[in-house]
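Position in the sequence shown counted from 1, then plus 190, gives you the working numbering.
No lab work stands behind these hints, which were simulated from the structure alone. Only a predicted model underlies this, so the values are computations on that prediction, with no experimental measurement involved. Glycine residues also receive a C-beta, built at the ideal position from the N, C-alpha and C atoms. Careful, some of the hints might be misleading.
[Said to hold, decoys possible] Quick list of the computed label-pair ranges, beta carbon to beta carbon:
(1) T199 x H300: 35 to 43 Å
(2) P293 x Y200: 25 to 33 Å
(3) N220 x E306: 34 to 42 Å
(4) V284 x L216: 28 to 36 Å
(5) I217 x T192: 21 to 29 Å
(6) D245 x N299: 35 to 43 Å
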Amino acid sequence: ETITYDSKTYIVTAIDSFAAFGCEKLIVVNMPNTIKKIESYAFYFASLEDIVIPDGVEVIESMAFADMFYQTLTIGKSLKAIDISALAGSSQLVKIEISPCNPYYTSGNHCNAIIERRTGKLVLGCRNNSTHLCKDYRR
Numbered sequence: 191e192t193i194t195y196d197s198k199t200y201i202v203t204a205i206d207s208f209a210a211f212g213c214e215k216l217i218v219v220n221m222p223n224t225i226k227k228i229e230s231y232a233f234y235f236a237s238l239e240d241i242v243i244p245d246g247v248e249v250i251e252s253m254a255f256a257d258m259f260y261q262t263l264t265i266g267k268s269l270k271a272i273d274i275s276a277l278a279g280s281s282q283l284v285k286i287e288i289s290p291c292n293p294y295y296t297s298g299n300h301c302n303a304i305i306e307r308r309t310g311k312l313v314l315g316c317r318n319n320s321t322h323l324c325k326d327y328r329r
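Between the sequences and the hints, there should be enough to build the whole structure, so can you do that?
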């Protein structure tokens, strides 16, 4: 997606730190696939109902979606790096889905978790985590 300012057009490639910090009335965000990076605290303490990380996003920095009450998290195919604190305080999270085309992360066998494919490291689980389904996730 693009933004035009002063007769000049810019492609939106990042969401800056603190862009929507504390926006309690912000419940829906439709991010374009041109976004490559979501910076630290970008949506910290906003009121998003669900989070959809588009296919273009490669990096999510610290506390980007922390201390929020969303219930579902959907991650696209290009995410390469997510800071361990990016989703801190996500106490209402009950469903995590990751594109099966993502070569870096998996949600296992629908086990509601973010698992690093290369190392098998659990990055994030949620309330409805089915650890018995998370046994053979490296592919």
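Hints, one by one, checked against the model:
{"no.": "1", "hint": "T199 x H300: 35 to 43 Å", "result": "41 Å, holds"}
{"no.": "2", "hint": "P293 x Y200: 25 to 33 Å", "result": "30 Å, holds"}
{"no.": "3", "hint": "N220 x E306: 34 to 42 Å", "result": "28 Å, violated"}
{"no.": "4", "hint": "V284 x L216: 28 to 36 Å", "result": "21 Å, violated"}
{"no.": "5", "hint": "I217 x T192: 21 to 29 Å", "result": "25 Å, holds"}
{"no.": "6", "hint": "D245 x N299: 35 to 43 Å", "result": "22 Å, violated"}
Hints 3, 4, 6 from the list above are not met by this structure, while the remaining hints are.
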